[in-house]
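Letter by letter, the chains look like this.
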Amino acid sequence: MNLQPGEELPDLIKHPTTRQLVQYAGAQGDFYEIHYDQDFARSVGLPGVILHGLLKAAFLGQLVTDWLGERGTLKSFEVSYRGVDVPGKPYRCRGKITSVSGQRAELEIWGEDPDGNHTTVGTATVEMNS
Amino acid sequence: MTETPSVVDRLRAHVGTPGPPSSAVVEAGHLKRFTEAIGDSYPRWLTEAPPTFLVALAPVSAHLPEAEEYGKGWLNGGNRFEYMEPVKVGDTITAIGKVVDVYEKAGASGSLLFIIFETEYFNGHGRMVARLRGTAIRR
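The listed protein sequences derive, respectively, from chains C and R. Okay, so the first sequence: first residue is 22 according to the working numbering, each after it adds one. Okay, so the second sequence: first residue is 437 according to the working numbering, each after it adds one.
These aren't lab readings, by the way, just hints derived from the structure by calculation. Mixed in with the good hints, there may be bad ones.
Cross-link-like lysine-lysine pairs, in silico, DSSO-like; alpha carbons within 30 Å at most [claimed, not checked]: (1) C/Lys117 to R/Lys534; (2) C/Lys96 to R/Lys524; (3) C/Lys110 to R/Lys534; (4) C/Lys96 to C/Lys117; (5) R/Lys524 to R/Lys468; (6) R/Lys524 to R/Lys508; (7) C/Lys96 to R/Lys508; (8) R/Lys468 to R/Lys541; (9) R/Lys508 to C/Lys117; (10) R/Lys508 to R/Lys541; (11) R/Lys508 to C/Lys110; (12) R/Lys534 to R/Lys508.
Anything over 12 Å on all C-beta distances counts as not near chain R; from chain C, calculated [stated by the list, open to error]: (13) Pro26; (14) Glu29; (15) Lys35; (16) Val43; (17) Arg115; (18) Lys117; (19) Ile118; (20) Ser120; (21) Ser122; (22) Gln124; (23) Glu127; (24) Glu133; (25) Gly137; (26) Thr146; (27) Ser151.
In silico contact screen, one side only, chain C against chain R (beta carbon under 8 Å); selected entries [to be verified]: (28) Thr38; (29) Ile55; (30) Tyr57; (31) Gln59; (32) Val65; (33) Pro68; (34) Leu76; (35) Ala78; (36) Leu89; (37) Gly93; (38) Lys96; (39) Ser97.
Glycine included, C-beta positions come from ideal geometry on N, C-alpha and C.
With the hints as constraints, model all of the structure from the sequences given.
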């Protein structure tokens, strides 16, 4: 295992669309209207339909598992949603290693909107195969 | 808002009490629809659940009608996922969820209600495969 603190994960850039939000609503079974009904979303003070937090969590999970491949296992991850994101704008998922201890590594992970705001922030723990 | 404290108190009464277990089989077709929806084509996910799939099998948050008396909408504040064993196509997964905390916080545009849910997922052998936590916010 050659992981080093400070190592950055390759970026994962997602291009969510309203269609994808509907697709995700169906696949997850979350039919809260703020994810597909513009009028409803505005009526509760949102700029329009927004990405599901759990869709952004899925993107960040993929960031880690794409980088990890078959070299190890994702043991845990945690995310906080700090801002809303709207479809039609690229969503950039990033991460870096913060510490390494034996076979385990801790990562900082986050998702950025096109203005560079970290609208999702979190951490992940991975265990590398011996 | 004189009714606000009572909503919080009524929700607090749920803390620590597990909800009814719900069971579901991990189906290849559901996995495929889920991975297509999130746009993750990693081949292992044809037969194994990707990191967030369990929320599609059994939601991490329960429906609490009294929470909807507070504020006008829901927001997801955050999620935590812990994994003990992989979940594969054909597994029967049983989820047991509970409310672990309820509290109010002052926000920039009024008060917010936080409800923390925790759900444990077990496989057919009775072993816990994952534990998920979700922070639901009413605003």
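Cross-check of the supplied hints:
With a C-alpha separation of about 33 Å, the suggested pairing of C/Lys117 with R/Lys534 is violated against the 30 Å cut-off. With a CA separation close to 16 Å, the supplied pair C/Lys96 and R/Lys524 stays within the 30 Å bound. With a C-alpha separation of about 36 Å, the suggested pair C/Lys110 and R/Lys534 falls outside the 30 Å cut-off, and the hint is violated. Restraint check for C/Lys96 and C/Lys117: the C-alpha separation of about 16 Å stays at or below 30 Å, so the hint holds.
At roughly 13 Å between alpha-carbon atoms, R/Lys524 and R/Lys468 fall within 30 Å of each other, so this suggested pair holds. A hinted pair counts as satisfied when its Cα atoms are at most 30 Å apart, and R/Lys524 with R/Lys508 does not qualify at roughly 38 Å. As the CA atoms of C/Lys96 and R/Lys508 are separated by approximately 36 Å, the hinted pair breaks the 30 Å bound. The straight-line distance between the Cα atoms of R/Lys468 and R/Lys541 is roughly 40 Å, outside the 30 Å bound, and the hint therefore fails.
Taking the CA atoms of R/Lys508 and C/Lys117, the gap is about 37 Å. The hint is violated against a cut of 30 Å. Simply put, R/Lys508 and R/Lys541 have alpha-carbon atoms about 16 Å apart, close enough for the 30 Å limit, and the pair holds. Taking the CA atoms of R/Lys508 and C/Lys110, the gap is near 27 Å; set against the 30 Å cutoff, the hint holds. Annotation: proposed proximity of R/Lys534 to R/Lys508 holds, straight-line Cα distance about 23 Å (limit 30 Å).
Chain R leaves C/Pro26 outside its interface by the beta-carbon criterion, the shortest separation being 23 Å against a cut-off of 12 Å. With a least beta-carbon separation of about 20 Å from chain R, C/Glu29 lies farther than 12 Å from that chain, consistent with its non-interface assignment. Its beta-carbon lying about 6 Å from the closest one in chain R, C/Lys35 breaks the requirement of being farther than 12 Å from that chain. Here C/Val43 does not stay apart from chain R, with its beta-carbon only about 9 Å from theirs, under the 12 Å limit.
Even its closest Cβ contact with chain R, about 17 Å, leaves C/Arg115 beyond 12 Å, as expected for a residue assigned away from the interface. At roughly 18 Å, the least C-beta separation between C/Lys117 and chain R is larger than 12 Å, which holds for a residue marked as non-interface. Residue placement check: C/Ile118 keeps its beta carbon more than 12 Å from all beta carbons of chain R (closest about 18 Å). Every beta carbon of chain R lies more than 12 Å from that of C/Ser120, the smallest distance being close to 18 Å; the non-interface claim holds.
Listed as outside the interface, C/Ser122 is consistent with that label: its C-beta sits roughly 18 Å from the nearest C-beta of chain R, beyond the 12 Å cut-off. Every Cβ of chain R is farther than 12 Å from the Cβ of C/Gln124; the closest lies at roughly 15 Å, confirming the non-interface assignment. Non-interface status of C/Glu127 relative to chain R is upheld: no Cβ of that chain comes within 12 Å, the nearest being about 14 Å off. Distance to chain R confirms C/Glu133 as a non-interface residue, since its nearest Cβ pair spans about 17 Å, more than 12 Å.
Consistency note on C/Gly137: stated as away from chain R, and its beta-carbon is indeed over 12 Å from all of that chain's, at 21 Å minimum. Once the 12 Å rule is applied to beta carbons, C/Thr146 is inconsistent with being away from chain R; the minimum gap is 9 Å. Consistency note on C/Ser151: stated as away from chain R, and its beta-carbon is indeed over 12 Å from all of that chain's, at 18 Å minimum. Hint status for C/Thr38 relative to chain R: violated, with the closest Cβ pair at about 10 Å, above 8 Å.
Interface restraint check for C/Ile55: the shortest CB-CB distance to chain R comes to about 7 Å, inside 8 Å, so the restraint holds. Contact between C/Tyr57 and chain R, as hinted, is not supported at the beta carbon level, the nearest pair being about 13 Å apart and thus beyond 8 Å. For C/Gln59, the interface hint is violated, the least distance from its beta-carbon to any beta-carbon of chain R being 14 Å, above 8 Å. A least Cβ separation of about 4 Å between C/Val65 and chain R falls short of the 8 Å threshold, and the interface hint therefore holds.
A cut of 8 Å between beta carbons decides the hint on C/Pro68: the least distance to chain R is about 13 Å, and the hint is violated. For C/Leu76, the shortest C-beta to C-beta distance to chain R is roughly 7 Å, which falls under 8 Å, so the interface hint holds. Proximity of C/Ala78 to chain R holds as hinted, the smallest CB-CB distance being about 5 Å (cut-off 8 Å). Against a cut-off of 8 Å between C-beta atoms, the interface hint on C/Leu89 is violated, since the closest Cβ of chain R lies about 10 Å away.
With 8 Å as the threshold, the beta carbon of C/Gly93 stays out of range of chain R, its nearest partner Cβ sitting at about 12 Å, so the hint is violated. Against a cut-off of 8 Å between C-beta atoms, the interface hint on C/Lys96 holds, since the closest Cβ of chain R lies about 6 Å away. Here the hint on C/Ser97 is kept, as its CB sits about 4 Å from the closest CB of chain R, short of 8 Å.
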